[in-house]
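**Student:** Protein chains in written order, with this note's numbering: chain A, 1 to 278; chain B, 1 to 282; chain C, 1 to 299.
A few of these clues could be false.
Below are the DSS-like pairs computed for lysine-lysine, each with C-alpha atoms no more than 25 angstroms apart in a straight line [stated by the list, open to error]: (1) B:K274 - C:K118; (2) B:K274 - B:K264; (3) C:K118 - B:K258; (4) B:K274 - C:K196; (5) C:K196 - B:K258; (6) A:K146 - C:K118; (7) C:K286 - C:K196; (8) C:K118 - C:K129; (9) A:K198 - C:K255; (10) C:K118 - B:K264; (11) C:K196 - C:K229; (12) A:K198 - B:K94; (13) A:K252 - A:K146; (14) A:K146 - A:K250.
Rather than coming from a laboratory, the hints here were simulated on the basis of the structure.
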Amino acid sequence: MTAIGAKPAAGAAMDIPSTIAGIILLLVIVGATYFLVGAGMMFYALIGVIVGGLLIAFGVHFVPVGGAPAAMGQAPGIATGVAMLAAGAGLAGLFGGAWAAEQGLVVAVITGAVGGGLMMAITCMFVTFIYVFGMGIPCASGKVAKDPITGDTQTEYKSQGTEGHGLPFVSYVGGVIGGLLGGGGGTLIYIMLLDVYKEALPGMMKALPAQVLPIAVSLAGIFAVGMFLVNAVLTAYNITGTIEGPHDPKFKRFPRALVASAVASALCGMVAILIVAM
Amino acid sequence: MTVKVEVVEGGIPHNTIMAAGLVASVIFIYLTYANVLTGTQLFSFFGGLAAVAAITWGSHTIKHLCSYGIGTGVPSAGMMAFGSGVIAMLFATKFGVASPIVAVVLAAIIGAVLGFLSNNVLNMRIPVMIQSLTEMAIIGALVLMGFAAMISGSFEFNPLTAGSVTILGLSLPSYQASFIGSSLIAVAFMLGGIAVQHPFNACLGPNWTQDRMLTLAQECGFLSMITAAVMSMVFLSFSAALVSVIVALVGWYYTYTKYIELSKRDAAAWLDAKPIPELEGH
Amino acid sequence: MESIVFGIGITALAGALATVAGAAENTESDIGSQGDPNSQVQLAPQMGYIHRIFNKAIAGEPPAYGLWVALGAGLAWAFMAMQINPILAIVLGSALAVFVQGVYATTAYLGRIASLSKFGQPVFIDVLKSMTTVTMAHAFVAIFTTVTICHLINAALGHPFPLPLLGLVWGIALGAAGSATGNPFYGKERQYQTQKFGAGVPIAASGNIVRYAEAGERNSLDNGWFSAKLGGPASGLCFGLIVFLELWRTVIFEKIGAGWGAIVVGIIIILVFTVIDRYIEVWARKNYGPYGEPAKEGS
Numbered sequence: 001m002t003a004i005g006a007k008p009a010a011g012a013a014m015d016i017p018s019t020i021a022g023i024i025l026l027l028v029i030v031g032a033t034y035f036l037v038g039a040g041m042m043f044y045a046l047i048g049v050i051v052g053g054l055l056i057a058f059g060v061h062f063v064p065v066g067g068a069p070a071a072m073g074q075a076p077g078i079a080t081g082v083a084m085l086a087a088g089a090g091l092a093g094l095f096g097g098a099w100a101a102e103q104g105l106v107v108a109v110i111t112g113a114v115g116g117g118l119m120m121a122i123t124c125m126f127v128t129f130i131y132v133f134g135m136g137i138p139c140a141s142g143k144v145a146k147d148p149i150t151g152d153t154q155t156e157y158k159s160q161g162t163e164g165h166g167l168p169f170v171s172y173v174g175g176v177i178g179g180l181l182g183g184g185g186g187t188l189i190y191i192m193l194l195d196v197y198k199e200a201l202p203g204m205m206k207a208l209p210a211q212v213l214p215i216a217v218s219l220a221g222i223f224a225v226g227m228f229l230v231n232a233v234l235t236a237y238n239i240t241g242t243i244e245g246p247h248d249p250k251f252k253r254f255p256r257a258l259v260a261s262a263v264a265s266a267l268c269g270m271v272a273i274l275i276v277a278m
Numbered sequence: 001m002t003v004k005v006e007v008v009e010g011g012i013p014h015n016t017i018m019a020a021g022l023v024a025s026v027i028f029i030y031l032t033y034a035n036v037l038t039g040t041q042l043f044s045f046f047g048g049l050a051a052v053a054a055i056t057w058g059s060h061t062i063k064h065l066c067s068y069g070i071g072t073g074v075p076s077a078g079m080m081a082f083g084s085g086v087i088a089m090l091f092a093t094k095f096g097v098a099s100p101i102v103a104v105v106l107a108a109i110i111g112a113v114l115g116f117l118s119n120n121v122l123n124m125r126i127p128v129m130i131q132s133l134t135e136m137a138i139i140g141a142l143v144l145m146g147f148a149a150m151i152s153g154s155f156e157f158n159p160l161t162a163g164s165v166t167i168l169g170l171s172l173p174s175y176q177a178s179f180i181g182s183s184l185i186a187v188a189f190m191l192g193g194i195a196v197q198h199p200f201n202a203c204l205g206p207n208w209t210q211d212r213m214l215t216l217a218q219e220c221g222f223l224s225m226i227t228a229a230v231m232s233m234v235f236l237s238f239s240a241a242l243v244s245v246i247v248a249l250v251g252w253y254y255t256y257t258k259y260i261e262l263s264k265r266d267a268a269a270w271l272d273a274k275p276i277p278e279l280e281g282h
Numbered sequence: 001m002e003s004i005v006f007g008i009g010i011t012a013l014a015g016a017l018a019t020v021a022g023a024a025e026n027t028e029s030d031i032g033s034q035g036d037p038n039s040q041v042q043l044a045p046q047m048g049y050i051h052r053i054f055n056k057a058i059a060g061e062p063p064a065y066g067l068w069v070a071l072g073a074g075l076a077w078a079f080m081a082m083q084i085n086p087i088l089a090i091v092l093g094s095a096l097a098v099f100v101q102g103v104y105a106t107t108a109y110l111g112r113i114a115s116l117s118k119f120g121q122p123v124f125i126d127v128l129k130s131m132t133t134v135t136m137a138h139a140f141v142a143i144f145t146t147v148t149i150c151h152l153i154n155a156a157l158g159h160p161f162p163l164p165l166l167g168l169v170w171g172i173a174l175g176a177a178g179s180a181t182g183n184p185f186y187g188k189e190r191q192y193q194t195q196k197f198g199a200g201v202p203i204a205a206s207g208n209i210v211r212y213a214e215a216g217e218r219n220s221l222d223n224g225w226f227s228a229k230l231g232g233p234a235s236g237l238c239f240g241l242i243v244f245l246e247l248w249r250t251v252i253f254e255k256i257g258a259g260w261g262a263i264v265v266g267i268i269i270i271l272v273f274t275v276i277d278r279y280i281e282v283w284a285r286k287n288y289g290p291y292g293e294p295a296k297e298g299s
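Can you build the whole structure from these sequences, using the hints too?
**Tutor:** See the structure below:
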């Protein structure tokens with residue numbers, strides 16, 4: 001391919017000094033927020049936002065995405081971009097979670113997770129459907145000889161000159177787990193911010209809680225979308241755009257994405273909370 | 001026919017575009033403040049021009065970043081820019097007149113941290129990563145602030161969250177009918193996110209030319225401005241929205257025709273209803 | 001009880017609209033070679049295969065549809081705020097969003113082709129004129145139906161998100177579902193029709209896309225005709241099921257067990273789809289069988 005064809009020289013190793021610097025930055029941000037808003041609800045909201053970001057980043061690693069070669073049956077996975085597929089699932093989950101927001105944190109987050117998982121389950125099923133009934137191609141992984149879940153051998157089902165194709169069962173399960181984690185993480189960020197805004201906005205804008213509810217919903221919604229995209233793109237950078245699922249060797253890179261996502265979520269979360277705290 | 005290579009050679013250097021984009025964008029946003037000074041809404045269209053300036057700069061930053069090959073699609077860079085930019089922009093709106101400056105500074109901090117995370121923690125090792133993501137976050141914040149100023153006539157938090165609905169001829173205040181309360185910011189988010197990545201995504205290839213891509217960036221900006229002008233009819237007086245629509249349409253028409261001219265210049269051939277030409281040597 | 005019946009009606013309507021949206025979305029993007037199959041249309045001239053396929057690289061489908069639907073929803077919201085009735089507002093908003101889509105489609109084609117002039121790929125103006133209008137028509141169907149779903153969810157089912165934010169969420173989901181389901185069918189089965197059926201395209205064959213049609217030279221309308229046969233309907237079914245089941249489990253089971261009812265039903269649906277997926281996978285392994293001798297390059 002042309003300009004975007006060249007793969008970055010990113011190694012799979014962790015850069016220890018940078019990671020430590022990242023963790024220190026994380027502690028500084030969390031500490032600064034504690035100093036500014038105290039140990040109240042807002043501080044716990046920040047922790048919730050960080051956890052949500054971690055769930056998203058970890059979840060994106062599970063989503064099996066093959067990029068352009070997958071559309072030609074040259075590589076396994078779903079034929080689209082990893083960040084945006086994860087966003088599609090995560091935001092569908094956020095939709096469900098936001099709907100269930102008044103039923104409490106736990107129910108809402110699990111509803112969001114199930115919404116994301118449902119979206120991925122249906123999508124992955126149709127990917128297999130198209131490969132098998134539309135193109136007559138069985139599923140085969142290129143990275144492992146045996147499916148870790150079902151034990152099916154993969155190599156002989158790989159057609160000549162390709163790296164595998166379709167979604168082997170482990171990739172399907174990975175997709176659903178990715179949707180679950182992404183939907184849950186996005187919803188957690190949304191609910192945390194929504195609670196903060198519902199609490200603080202009436203005083204700040206001198207209005208009744210019911211009146212400022214649309215502002216709280218919109219602010220929390222757009223921040224959840226923004227943070228979701230930041231975390232998903234960071235993770236996409238980590239796996240250089242494609243991954244087969246939890247059995248892919250690239251999956252082992254997740255610790256550094258977790259550090260990156262924790263710092264990014266903490267920073268974005270702090271700013272989002274300080275909007276009403278300052 | 002000259003064959004351009006992927007590295008930026010010739011044309012306007014990136015730093016010039018960056019400086020021009022930043023300064024022009026901030027100045028245009030401040031020109032919308034003339035609304036407050038003169039008590040009208042006629043100057044709102046400057047917000048759209050600020051977005052156009054920032055998008056033009058952004059397209060070149062993306063070109064700068066993506067020519068290294070970041071492993072995932074060009075659009076992701078636009079999404080990253082606006083995901084970080086929206087947070088900086090919304091926070092900055094709290095600072096009244098200083099908002100645009102605060103937005104630039106805060107976005108630079110967020111962008112630099114994200115750049116550090118991508119480059120060092122994620123071990124991507126791309127020389128321009130930190131600088132590019134810093135620029136992208138600033139661009140995201142400025143484009144959003146520009147569109148916010150254009151659609152609602154102001155870049156401050158209170159006007160952005162307050163609106164009014166007309167029921168049976170009576171005008172009632174309503175937070176729902178505001179730029180933020182109605183989530184029109186989500187539309188501005190996507191308008192900018194696509195406009196900023198599209199020019200490079202559309203023009204990439206061995207015969208990439210800088211002037212063509214920058215013209216396309218302006219075209220995308222003005223095209224987004226047209227729709228933003230239509231949405232501004234809810235918040236602004238009819239005359240102010242009309243000014244925005246006219247400015248946007250004129251700018252769009254000019255840049256679109258210019259872009260077609262430039263494409264004609266760069267294309268191998270410009271054929272209408274002709275078969276695939278026979279090529280020698282292939 | 002009455003509200004549940006009303007909710008089921010809205011859910012069914014939204015599901016039906018979503019099916020139409022998914023089918024139109026995938027057909028539109030395949031006519032424009034948007035999404036991942038685009039890489040092959042881009043690659044072909046570099047390998048010496050000059051073609052007359054429309055190359056509309058605006059962005060990946062999810063972000064592009066995120067914009068079209070969010071924009072349509074935002075404009076529809078603005079028109080509704082100006083006291084225009086919702087149906088007219090949604091039509092007007094979708095029409096303006098389609099205008100933006102059409103302009104983006106033309107600039108994307110011109111940009112990509114002009115940047116390929118080194119390889120002698122000419123710009124075909126007739127391709128631009130005939131394909132852009134067709135993609136705009138399909139995009140209008142997709143945008144109008146999705147914005148309508150969002151309006152139904154917001155106004156009739158009472159979802160807290162405002163219309164533009166719902167547009168963003170469901171636009172990205174539409175693009176994600178459509179590109180995931182439809183891309184391989186267009187990318188492998190249509191672009192590489194001459195390659196062996198029932199096998200992936202060998203990497204060595206990349207760029208050698210089919211350029212000639214039953215009569216004359218293939219253009220992208222032929223591709224739309226092809227993907228409308230399976231890729232489009234499957235994408236439609238995929239997105240329709242996502243919207244329908246997501247709404248259905250919430251509308252009917254949300255009240256049971258303080259929200260846990262919807263969760264349990266959701267998990268059961270996921271398990272059902274898992275079983276179907278596994279069944280299809282095993283069916284393919286049994287009926288298609290392995291490709292002869294096991295290759296040894298797996299890494």
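**Student:** Now look at each hint and say whether the structure bears it out.
**Tutor:** For each hint, the structure was consulted:
1. B:K274 - C:K118: holds (19 angstroms)
2. B:K274 - B:K264: holds (16 angstroms)
3. C:K118 - B:K258: holds (22 angstroms)
4. B:K274 - C:K196: Judged against 25 angstroms, a Cα distance of about 31 angstroms means the pair is violated.
5. C:K196 - B:K258: violated (45 angstroms)
6. A:K146 - C:K118: violated (45 angstroms)
7. C:K286 - C:K196: Distance ~20 angstroms between K286 of chain C and K196 of chain C Cα, so the pair holds.
8. C:K118 - C:K129: holds (24 angstroms)
9. A:K198 - C:K255: Status holds; Cα separation ~24 angstroms.
10. C:K118 - B:K264: holds (14 angstroms)
11. C:K196 - C:K229: Given that 25 angstroms is the threshold and the Cα spacing comes to 20 angstroms, the pair holds.
12. A:K198 - B:K94: Holds. K198 of chain A to K94 of chain B sits at ~18 angstroms (cutoff 25 angstroms).
13. A:K252 - A:K146: At roughly 18 angstroms apart (the allowed maximum being 25 angstroms), K146 of chain A and K252 of chain A satisfy the hint.
14. A:K146 - A:K250: holds (17 angstroms)
Hints 4, 5 and 6 from the list above are not met by this structure, while the remaining hints are.
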